[in-house]
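Required output: the full structure, derived from the provided sequences and hints.
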Amino acid sequence: MATLTHQESVTAEYLEVTPGTRKNFMLIMVAGVVLLVVGIIMSMMGIGAHHEAGAAAHGAAHGAAEHHGSAPWLKRLIVSLWHNNVFFTGVASIGTVFVAIQYVAYAGWSVLVKRVAEALSAWLLPGLVIMIVVFGISLINHDIFHWTLPGIMEKGNENYDEIIAGKSGFLNMPFYLIRMVLFLGLWAFFTKKLRDLSLAEDLNGGTEYFHKSINVAALFLVIYAVSSPIAAWDWVMSVDTHWFSTMFGWYIFASWWVSGLAAITLCTILLKQAGYLRWVKEGHLHDLGKFMFGFSIFWTYVWFSQFMLIWYANIPEESVYFNQRLGGFNGQYTWMFFGNLAINFVFPFLVLMTRDAKRQMIMLKIVSIAILIGHWSDFYLAIMPGTMKAENGFVIEIGVALIFLGAFLTLMTKRLSQASLVPIHHPFLDESIHHTT
Amino acid sequence: MTKRFALGIFDDEDVLLHAVENVREAGVKIYEVFTPFPIHGMDDALGIERSRLPIAAFFFGLTGLCFALWLQIYTLGFDWPMIIGGKPHIALPAFIPVSFELTVLFCCHGMVITFYTISKLYPRWKTPVLDVRSTDDKFVVAIEVNENTDMTKLTQLLRDNGASEVNQKEMSKF
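Line by line, the protein sequences are chains A and B. When we follow this note's numbering, the leftmost residue of the first sequence carries the number 1, and every step to the right adds one. When we follow this note's numbering, the leftmost residue of the second sequence carries the number 438, and every step to the right adds one.
These are computed hints drawn from the structure, not numbers from a lab. Every residue, glycine too, gets a C-beta built ideally from N, C-alpha and C. Hints may be right or wrong, so weigh each one.
Here are the in silico distance ranges between beta carbons for each label pair [claimed, not checked]: (1) R278(A) - S601(B): 34 to 42 Å; (2) L508(B) - L27(A): 54 to 62 Å; (3) D449(B) - E282(A): 26 to 34 Å.
Footprint (simulated), chain A over chain B, 3 or more residues, beta carbon under 8 Å [as the list claims (entries may be wrong)]: (4) 531–545; (5) 564–573.
If you want the ones that stay clear, here's a sample from chain B, every Cβ over 10 Å from chain A, calculated [what the hints assert, rightly or not]: (6) I485; (7) Y511; (8) F515; (9) F552; (10) E584; (11) D587; (12) K606.
In structure tokens, the structure reads:
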């Protein structure tokens with residue numbers, strides 16, 4: 001019963017990651033490695049890919065500017081490393097964004113799931129390292145970014161491309177690397193800052209950490225608002241170097257954000273089903289469900305805003321993006337294009353529409369898993385047609401995704417176990433415990 | 438028709454919340470509670486069932502969607518077909534924004550009008566208010582009474598649960 005004065009004693013509770021759980025994470029990674037090896041062998045033997053048809057379409061699309069990248073299997077491996085790292089690192093950054101928004105909004109309800117969001121960001125630093133390494137590897141054969149080709153911005157060079165040369169002020173190697181390190185570095189820095197304040201609050205209590213966190217969170221949000229769209233242009237949009245869209249930054253952010261919310265919800269439910277987080281009630285799940293529901297629609301709104309303008313204007317340099325995905329390369333991305341809308345919009349929209357569905361763990365679990373898979377595919381659809389053209393596949397890609405997932409979960413649960421799951425001295429803890437919707 | 442009410446006046450919302458629980462447990466039917474601001478948990482304490490407004494909202498939205506689609510398909514496709522941007526006359530992606538907006542417009546207006554009508558909050562010459570202090574700093578529990586009601590017992594029950602005063606008031610057109 002929701003009463004206002006009734007005090008309940010809250011004690012710290014610590015997550016214990018059992019050896020069985022660690023083994024499960026290892027198993028996920030091992031399964032990923034097996035799939036990866038199988039995929040590489042299949043690719044080498046030419047099974048399950050569209051090499052011949054693809055090479056023809058590829059050549060026709062790019063003509064003289066064609067260059068030869070790595071062997072198909074290696075190229076697929078490098079591209080899917082990039083794809084997965086962009087997805088997982090983005091989702092990781094959402095943990096801190098979530099915490100920061102709750103601070104700035106003086107939100108009380110979310111205090112009980114705050115530690116889950118904090119743990120989500122554990123991947124940021126490894127993500128930064130992997131991103132630099134994969135970017136470096138991709139430079140050997142210019143597998144991911146067409147604009148990194150030597151001479152592409154020099155007039156008179158055989159690789160010269162006038163449109164790309166026009167973007168050299170932004171898309172040049174030093175500036176690109178500076179942005180990558182700076183953005184991820186800043187995100188990781190603010191993650192650590194907020195986390196440290198939160199842990200110090202656990203030890204010492206008092207409201208000064210709370211007020212300090214609000215300042216840090218506000219500053220972070222301003223920085224993130226500027227850096228996340230630029231990161232989206234850099235890491236995803238510059239794959240299709242000729243193409244551009246002003247909606248793209250929002251679109252990628254929306255994708256990261258709704259995946260991050262799904263990850264927080266899923267983790268909260270799994271923890272609760274494992275016997276932790278006993279103060280988390282239907283009300284909190286309801287709010288998380290509303291968040292997922294709302295931002296699935298928000299993602300669709302941004303997606304459609306981008307699509308409709310390009311469809312309506314039908315300017316070739318813009319519509320090439322949807323041409324490739326909707327019927328291009330013998331239509332092999334078309335099913336994903338519509339599947340993307342089905343799994344990321346229609347499914348969450350219909351399933352989470354009623355109040356009861358948002359309060360049931362099983363419904364939220366199904367939807368959050370669907371959203372995570374759906375937005376992984378969304379990034380797949382954003383990156384693959386521009387890099388792999390018609391030579392995309394799924395075995396290597398899913399293998400790499402599983403390896404990332406296992407590593408991500410290992411780091412996340414490690415950070416979860418390092419502090420109490422309940423921030424016992426948060427000023428709004430009592431409000432969160434009595435939260436009803 | 439004139440109705441008679443016993444009014445328990447409370448100073449504190451927390452006291453009120455427990456009083457409502459206790460009064461209902463004692464078997465007294467509460468007509469309505471008037472408070473200056475929404476109180477968390479009051480709906481549960483009063484045992485109010487969930488509103489069916491969302492069902493109405495769905496049908497208002499559906500009406501809006503059908504109207505929007507009819508409007509665009511009929512005007513742009515049949516009544517006065519024009520070629521715009523080389524697109525087909527009935528080009529569904531172009532209809533989505535208007536359909537969305539009209540769905541929302543019909544839905545929210547319909548909900549507001551329905552809610553105001555069933556809550557009797559529409560404009561009237563004379564607004565019946567049981568105790569004007571319920572719009573300021575007092576919380577009012579209204580219990581409908583008739584000549585058979587044991588007023589001393591009811592007054593005692595409300596007082597025991599923290600009412601600062603208990604009044605009676607007659608209301609017509611309520």
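Hints, verified against the model:
Between R278(A) and S601(B) the C-beta distance comes to about 39 Å, which sits within the given range of 34 to 42 Å. A beta carbon spacing of about 57 Å between L508(B) and L27(A) agrees with the range 54 to 62 Å that was offered as a hint. For the pair D449(B) and E282(A), the beta carbons lie near 28 Å from each other, so the given range of 26 to 34 Å is met. Counting residues of the segment 531–545 of chain B whose beta carbon lies closer than 8 Å to any beta carbon of chain A gives 3, which reaches the threshold of three, so the coverage claim holds.
Against chain A, the segment 564–573 of chain B contributes 0 residues with a C-beta closer than 8 Å to a partner C-beta. That does not satisfy the three-residue criterion, and the hint is violated. At roughly 14 Å from the closest C-beta of chain A, the C-beta of I485(B) stays outside 10 Å, upholding its exclusion from the interface. The non-interface label for Y511(B) is consistent with chain A: the shortest C-beta to C-beta separation is roughly 21 Å, beyond 10 Å. Residue placement check: F515(B) keeps its beta carbon more than 10 Å from all beta carbons of chain A (closest about 21 Å).
Under the 10 Å C-beta cut-off, the non-interface status given to F552(B) relative to chain A holds; the minimum distance is some 17 Å. The Cβ of E584(B) sits about 35 Å from the closest Cβ of chain A, beyond the 10 Å cut-off, so the non-interface label holds. In this structure D587(B) is separated from chain A by more than 10 Å, as the shortest Cβ-Cβ distance comes to about 29 Å. Residue-level check passed: K606(B) sits 29 Å from the nearest beta carbon of chain A, beyond 10 Å.
When the structure is compared with the earlier hints, a violation turns up for hint 5 alone.
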